[in-house]
Structures are given as structure tokens and as C-alpha cells.
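Given the sequences, and given the hints that come with them, work out the whole structure.
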Amino acid sequence: MGARREIHREVPWRNAMRGWLRSHAYSLFSALGRIIHRPLDQGLTIAVLAVALALPALGLVAVQNGSHLLAGAARPADLLLFLVEGASQELATDFADRLRGDTRVLAVETRSPEQALDEFRSLSGFADALAVAEGNPLPWVLSLNLDDPTLVEAVAESLRDQSEVDAVIYEGAWLTRLQGLLALAERTLWVVGALLAIAVLLIVGNTVRLEIATRLEEIEVSKLIGASDAFVRRPFLYAGLWLGLTAGLGALVLVELAMWFLHSPVEVLALSYGSSLTLAGLSIVDALALIACGMLLGWGGAWLASAQRLRAIDPR
Amino acid sequence: MSAIRFDTVAKRYAGGQDALRELSFGIEPAEMVFVTGHSGAGKSSMLRLIAAMDLPTRGLVQVLGENLGRLGRRAIPAYRRRLGLVFQDHRLLMERSIFQNVALPLVVAGVGREEAARRVRAALDKVGLLTMELKLPIALSSGERQRVGIARAIVAKPELILADEPTGNLDPSLSAEIMALFAAFADAGTTVVVASHDLNLVQRMRKRVLVLDKGKLIDDFRPRTISSRKARAGDGNVKAID
Ligand SMILES: Nc1ncnc2c1ncn2[C@@H]1O[C@H](COP(=O)(O)OP(=O)(O)OP(=O)(O)O)[C@@H](O)[C@H]1O
Ligand SMILES: [Mg+2]
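Chains as they are written, first to last, in my numbering: chain A, 46 to 361; chain B, 10 to 251.
Calculated directly from the structure, the hints in this document are not laboratory data.
Warning: the hint list may mix true and false statements.
[Said to hold, decoys possible] To give a feel for the contact side, a few chain A residues facing chain B, derived at Cβ under 7 Å: (1) S68; (2) Q160; (3) E263; (4) V266; (5) I270; (6) A272; (7) A275.
We put the CB at the ideal spot given by N, CA and C, even for glycine.
If you want it as C-alpha cells, here you go:
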């Protein structure tokens, strides 16, 4: 009976601590060794995992840049009202004041035909056309910003019949729609992200399950020799961790490649929306979060697989 | 206290087969005991109960002060580290060196590297394989592999050695050698239980023998005490038993 106790007495806590660290370090690096020794198998698995992690990360980049773009875009008027031809300044300002009294209207800006003409002239290409025209063909224009941009159609409808109004044009609708789309994209991203996280969990779980199957004898012998479940499980958990880490790094590389591929067309597009935007990649925090996600999912997948297999092979 | 105590133990497998019935006996510390009987008599079943690999269906199995029927899952590893298991097919890890195989119980127990190396060499020395430590099991004869298995079983200084048909694959002279090794451990204070159906070998060892038949204990031969053996030296009658 004494033999076992004696071992413990010989090993003070410092040595025990060192032993614990040593066995963890051993598991950590032998798990890495196993990955490196099967570069093809494991490389393919890691590539699949990296793609699965890169997709939601790219989605995140897209949504972040999208909302940045929209925030930076000058908010155009929601509605443009072209007043009837020949309307006087007095009529225009009266009408503008009346509209300001409408609770649905946030702001009204009036533009005289002269101002509009100057603006048009400043745009190259129109100058010649206007020179040909006799007098000023442009009407008074009121641009409206609404309190709730989603009401744009209802407001437009109610203004169309006014005697002062010649035509109503929705201007800012695209922005509102785009914002709506962006919100939808963000939601979708969460769903897709969750699904891909499950995929990563399952892929790692399956990889680890196969790894366990090839090492059943070792596991059984270890358990008969007195290894705890934690001890037996450790190398597989570390294997999952390495898979997750390398996949996370791979995903970062994929995201960076995608950014490099996309940045110039995106900048052109942004300019066309009146926003100067340089495509922003993942921030440091996001990048670390991506890697952490990979590691967490790798660990989790390995844990699930090993829990299931350990119970199945447990002699008891 | 007995090292091992069975009290009206029964084991019935899921298939409905009664492997052990009404089994009661005790084994003292530092005793060496053989368990023998025909194939299917229940020898392995008995050792599996002692190693906490199975639970008894009925009765009490008490080993090294632990009631194994009550031993929780989490307590099993610590309990197993007090045992040394030897298997008929040695169960060495074929892609690990002899040294690594023997060191496994120490790795599991978290023993430091230098201390482990020292003990592994001591264990290999005991089984006469000190020069083989860097080889792989594949490069060894079956007798040598079994001795590596024994080195692995003793390296962590177990209180109890359990061996199920440890000489099943070996020729008679090798078998005798291995049994002598076990006897030496018993002399040094370790309880040893060996299951074997090799009656010749068992008789030659002159140790206590439990005989099982269809799961029942049908005989319990005890060796003569040293004093009676000494007395017997001058007594022609008793010698005939050999
Ligand atoms: N896992 C099991 N499931 C069902 N029945 C089993 C199981 N293990 C053993 N048995 C049955 O229990 C009985 C005793 O088997 P056991 O292996 O203990 O015998 P043994 O004495 O070790 O035989 P051998 O000398 O052939 O190794 C046998 O009838 C066997 O078929
Ligand atoms: Mg058997």
C-alpha cells in the first residue's frame, strides 16, 4: 500500500507543477508533430476549415465597409419637388414654409432656377446644352428630408396633387433601401457564421474522431495503466487547437488576399456614391477574434469527439 | 487487511452467461497466487473485476482497501496506478520505443523526466533488457516483449500485479523464467495474481492456487509454509507430492 503514497511524498508541489507543465507541453507539441507528419491530410482539412472561417470574416468586412460607406455618403434629399413652371419666389418660399409645418418633414431646402443653373453649368458637358437653351428652363426646386425615410412614398403621393407641384422625384430612396439591405446582410451574416461555425466544429470533430480511431490501442492501454480521461483527451484537444489556430491564420490570409483583389473596384464604386472610401480589412481585434474563434471551435470539436469516443471505449 | 477480498461475488455478462458464481476468497499482501481452470472457467473475468474493468453483478470485491463496486469513474485512474497489469498479448505500443513503453505509467503519473529515466532503467534491468531500450517492440522476440510488458507493469512500483496468461505464447523455459520474475516481486512485497491454464508450470512454482470451474471456486491449494518445507526436506513421503 505504501509504494504509491511514497511517490507522492517524494514529489513536492513544485515538481508536481513542473510535471504538469511538462506533460502539457509534451501533448501540445506532439499534437503539432502529428499534424506536420501528415501534411497532405491535415493540410486539406486545414484548408477547408480556413475557407469556412474566411467566409463569415469576409462577410463581416463587407458589412463593415458597407456601413462605413453609407455613413460617409452625403445624405441626399429624400424627395425633390419640381414646382410648376413660372412659379414665383414668393410662392416657392410660402410652400416651403408650409411644408416645414408638416411633422413628417425634417428639413426643406429651396433652390432657385438661377442656383440650379449655376450648378448645372459647373457640371461639364451641360454648359453647352444650356447655352443653346433660351432663358432659364429650370424650375424652382424644393428638396425635402423626411423624419422617417420609409414614408417617402406616402409623402410623395400626398404632395403630387398639390397645385404648386409639377413633379416629385424620390432621391434618397436608394440610401434607405441600401441601409435596409445592409441590415439584412448583417443578420444573414450571423446565420451563415453560426452555420459555418457548426461546420468547423463537425469537421474538427470528425478529424479528431479518425485520429482517435487510429490510436485506440494507445488510449486503452493508457487507461488501463491509470491515465485519467483528461490525460487521454489532452493530445486530441491540442490537435483540435492546432487545427483551429492554423485554420484561423489561413482564414486571415484568405481575407487579406480577397481584400487585395477587391480594393480598387470598391474604391471606384465608393467614389460614385460620393464617398471616398479605402477598403478596410479586419482590424487587429477582429483578426485576433477570428483566430480565437478558430481555436475555440477546434478545441470544442475535439472535445465533443473525444468525449463521445472515450465513453464508447471505456472498459467500465 | 487482505490485499484482495471476494465475498460471494457473481458476474453475469449482458449475454446472460454466468461467468462467476458465489466466489469468495482472500489474498494477503505479498502473496503470490495462481488462478487456474479450463478455458471459460472465469479466470479473466475475475482479473477484470480486480482491475476495475468490470463491475460485479453481485457481492463484494475489495482490493487494496477499495470497495470496487463503489469506486466512482473519477477514482478509477488513481486506483489503477496502484496496479501493474500484464497481458497475454503484452499490449505494447508498437510505434514507441521500449523505453517509451516502459515509461508510460510514469508519464501518466506525472513523474519527472530524470526520475522516470532512472526508474525505467531499473525496471528494464530487472527483466534483463537494459540494452534494448531504444529498440521498437517489433525488433524483439515474443519472450522479450513479454518482459517489456512486465517492466512496464512494475516500473511504477505497484502494490498489486495482475497477469492474465502472461506466458501463453512462450516456450516452457521462458515461461519458467517469467514466473520466477513474478515470484521475486512477491518476495519483495508485491501481491501477485497470475491467471494461467498451464498446470505444469503452476505446480512447479509451489504457490497458492485457486482453481475455478464454470465460475465457481472448486479448490484452493496452499503451499506448505517454509518451516514445513524445511521439515519435509528429511521426509521422503512428502517429497513424492512434487
Ligand atoms: N464480455 C463478455 N461478454 C459475454 N460473455 C463473456 C464475456 N467475457 C467472457 N464471457 C464469458 O464468460 C465466461 C468466462 O470467461 P473468461 O474469459 O473469464 O474465461 P477464462 O477462464 O479466462 O477462459 P480462457 O482460459 O479461455 O481465457 C465464458 O463463458 C465466456 O464466454
Ligand atoms: Mg482468459
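Checked hints:
no.	hint	in the structure
1	S68	6 Å, holds
2	Q160	83 Å, violated
3	E263	5 Å, holds
4	V266	5 Å, holds
5	I270	5 Å, holds
6	A272	4 Å, holds
7	A275	9 Å, violated
Taken one by one, the earlier hints fail for this structure at numbers 2 and 7, listed in ascending order.
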